[in-house]
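As given, the protein sequences belong to chains U and P, one line each in that order.
Under the numbering used here, the first residue of the first sequence carries the number 1, and numbering increases by one thereafter.
Under the numbering used here, the first residue of the second sequence carries the number 620, and numbering increases by one thereafter.
Since the hints were made in silico from the structure, they are not lab data.
Yeah, the Cβ is synthetic: ideal placement off N, Cα and C, and Gly gets one too.
Don't take each hint at face value.
Okay, the calculated bits of chain P under chain U, using three or more residues with CB under 8 angstroms as the criterion [to be verified]:
#1 670 to 684
#2 702 to 710
#3 716 to 723
#4 772 to 780
#5 909 to 920
#6 952 to 961
A short, non-exhaustive set of chain U residues, derived as facing chain P with CB atoms under 10 angstroms [said to hold, decoys possible]:
#7 I218
#8 R457
#9 Y467
#10 E469
#11 G471
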Amino acid sequence: MPARLDRVAGLERVNDFVVKFANVNGSGSASANRLFARAILRMGVPATPRNIFPSNIQGLPTWYQVRVSEAGHLGCRGGADLMVAMNPQTWDKDVAEIVPGGYLFYDSTKPLPASKFRGDIVVIGVPLTAICNSTYTDPRQRQLFKNIIYLGALSALLDIDAQVIEQLIGEQFQGKDKLIAPNVHALHLGRDHALAHLQCPIGLRVRRSDAVGDRVFIDGNSAAALGSVYGGATVAAWYPITPSSSLAEAFERYCRRYRTDKTTGEKRYAIIQAEDELASIGMVIGAAWNGARAFTATSGPGISLMQEFIGLAYFAEIPAVIFDVQRGGPSTGMPTRTQQADVLCCAYASHGDTKHVLLFPQDPAECFEFGAAAFDLADRLQTPIFVMLDLDIGMNERLCPAFAWDDSRRLDRGKVMTQEELEQGAEFGRYLDVDADGIPFRTYPGTHGARGAFFTRGTSKDRFARYSEEGAAYIDNMQRLLRKFETAKLLAPRPVRTDATGPAPIGAIYYGSTSPAMDEAVALLAERGVALDLLRIRAFPFHPDVGAFVAEHEQIFVVEQNRDGQLRMLLTVEEEIDPKKLTRILHYDGTPITARFIAEAIAEQALASNIVPLRKAVP
Amino acid sequence: MTYLPKPAIRHPALPVNALGLTRRDYEGSVSTLCAGCGHDSISAAIVHAAFELDLPPHRIAKLSGIGCSSKTPTYFLGKSHGFNSVHGRMPSVATGASLANRDLIYLGVSGDGDTASIGLGQFAHAMRRNVRMVYIVENNGVYGLTKGQFSATSDKGAKSKRGVTNNDEAIDLVGTALGLGASFVARGFSGDKTQLVPLIKAALQHRGAAFIDCVSPCVAFNNHPGSTKSFDFVREHNEAVNHLDFITPRTEITADYAPGAVEVVVQHDGSLLRLRKLAADYDVHDRVAAMAWLQQRQSAGEIVTGLLYVEPETVDLHGHLNTVGVPLNGLAEPELCPGSEALDRLNAGLR
Ligand SMILES: Cc1ncc(C[n+]2csc(CCOP(=O)(O)OP(=O)(O)O)c2C)c(N)n1
Ligand code: SF4
Ligand SMILES: [Mg+2]
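Model the full assembly from the supplied sequences, consistent with the hints where possible.
This is how it looks when you write it as structure tokens:
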């Protein structure tokens, strides 16, 4: 087997291709792969990595897929232009995934039969194991440096600036300086081998650009945790569950940095790893009842366990922030795959008539923004606020606008009656709708010696928090809760509308992590003559803009990542929209939705029902 | 600064405490429990203890789960905030509340169903975390509110009023609490106020989780002959290891007992517990011995009561977390929000 088969003319693409690394979980590949993505970003070219990992610590297959797109497409594209096939277990599947004319990079130490390859791809072999074995004796070093060696070879093949990678290695091992030189050495082992034995660069190339700007690169869970720090959260209670654990862990990391007294070591926060999700939400509710800003982070199974408490917080009107980093359901489902399948379960969580406020961030920037805003909303509305991330946004690093904070911004603690107000004789009725917005005043325990104390309960009560099962008192209270929900419509983040350049009779509604794929799909559809107005929903209950958008269009596609069209159901139920007007575009196999999928599905349905005036395709 | 409650107009003969408040100022609304229910006596003991300790009622927060026992916080300390949460989950709510404001006193009230059945997990974790709170289980060995089903503390072999036999092992909550590392463990009896009031006082001053298992007969469903949670049975088999007088630092210690029969325990805040030993060789600081003693006496059919274990210098959850000395719920923007400059620096590290 020659090191490179030159029979096939490989793809020629600059700053626009997908590289997929097929690795074995626990082999230490993550850090080398991440260096690869960051090096491209440092060269000014947008790159979006996605981890595809199993529910396993060591041994099972894992993939890291990097989409390089100078045009700025951050969504998942599908297919691989270059496969870095480092896992013999998944070889056949990985090789099959390479697009015709694409490239296969592999460890050529052991010869493989010709039947293991394809005739329509370019095969690039580097004897990685042989290089490692001749350089290192320690088996762990052989394993770890193999990753850096392939990174070095790829840098030569794709024309990535080695100095950029060296600089990143220096930054990564800052403080552990003695690790820098061996890593740089390994990088050059691979790079020098490629330069000496292979034709470099190949058809896929990275060229310096300035398409990244001052954007930052971070995962949504960290961004949401940072938003919680800025939003003034002091109490966090959580129970480990993929894909939400890294949110709580990031909160701890940021709190250690920003909320720990430098001299005394005292903490201006409290984090409890609870015994289960019932306890974590209970702690959040107890803390918030007592005037602290508190949150929990969980995923579907945790949300299921929290139901009873969520109903209590709704009915007793206690603020709570719940980050739901959604994964594939139902039950344990696909713990390491992405979905938007908890929408209904959160919107109507708990028994009885309940409705909750949901926020749908599209990227880490909004995870930060909504993360902070959720605490204001929870205090203002005195109710649970769900921030609906998913695995795709939560656990993958993504390029997004740099975080910004206005130092004049104040925490909105909502309607809290103070000691002074009570002393001056202000009337206090815990469930009294004084401002006709459905939001009553509350007091924190311990505020005043004689006034303002009340009994918080999950049972029915009158306006003065006295236990009452009188029908009239119950209805009065339930109606006020509805008024409060109306108020929420205008307080929650407003939907974002993006219209086609010309008039479009069809529209698409989408939310959360679907965003980058949707943006790209619009461009693909435009090429096919399909014009589409877009509405990105950022919160439930729906802002009046949503109803208006639907009314303005003949047909609406609702694009979601779940089986049942959960947001569509909410639209039909809450906005009383004729279901026939809302066509489902559903992607729910656990992988992130792609632009190609959306464009295909919409084009097929739009053209079939002939509702789109076919405009001349863009040449 | 705190506003102290202004005493209501009162009968001039009613005694007042150091805050100028009468016992009435510590009461709640009228109980709706069955006449003779043990739980009402515990409410009265709580009123008594808080009054005598001169505690400002609004500095206490009452928390409970669901059950007849969990309803009682409405019947005492009417000027305190109260939280009737969900069945079996009072401990987590109390834990969160305590994290938010370390300056209030947290008084949790639960039942044996609420704690030993549905809430066993949360009870266990509140004990092992040493959340600073008083945790009283009003233990009647039965589900009162849902009309007489067995709870996890019903005796094995016990017959319900309806004639059904309980075949499951009973959970002994004091033994469980000791095993979980609780820093204050006591057992009282709702029918013995002279023993119970000092126990509650000591618990209110304890700087960690203070657990009191209080046998509290249910006159409607579990007070029949043969029930170990009946008034008669407890009176006959009550074996107190000690009698406790809670003494504030202001009170003088008068040695009117035989030497060796009284032990004075100095609490963290300087207040004193005077223990009149009834079982001469019982040591309230020896967890292992306490567990052994309990096992022995209980197998002999006795109900061991009194202060069973205490760790006066205990470190509570806040101590372990090393949280700031002031309540977290009082921190404002400057202490919480790192600001735009910090964010700019952070952004720079993310490129
Ligand atoms: C989740 C849930 N399940 C069941 C109930 C019904 N329930 C109310 S009180 C109770 C038992 C209470 O027993 P215990 O804690 O011993 O209190 P007691 O009434 O005996 O004082 C039950 C099962 C409930 N409120 N919530
Ligand atoms: S049912 Fe039992 S526990 Fe409930 S109030 Fe009556 S006596 Fe008390
Ligand atoms: Mg009971």
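Taking the hints in turn, this is what the structure says about them:
| no. | hint | result |
| --- | --- | --- |
| 1 | 670 to 684 | holds (count 6) |
| 2 | 702 to 710 | holds (count 6) |
| 3 | 716 to 723 | holds (count 7) |
| 4 | 772 to 780 | violated (count 0) |
| 5 | 909 to 920 | violated (count 0) |
| 6 | 952 to 961 | holds (count 8) |
| 7 | I218 | 5 angstroms, holds |
| 8 | R457 | 4 angstroms, holds |
| 9 | Y467 | 8 angstroms, holds |
| 10 | E469 | 13 angstroms, violated |
| 11 | G471 | 20 angstroms, violated |
The earlier numbered hints that this structure contradicts are 4, 5, 10 and 11.
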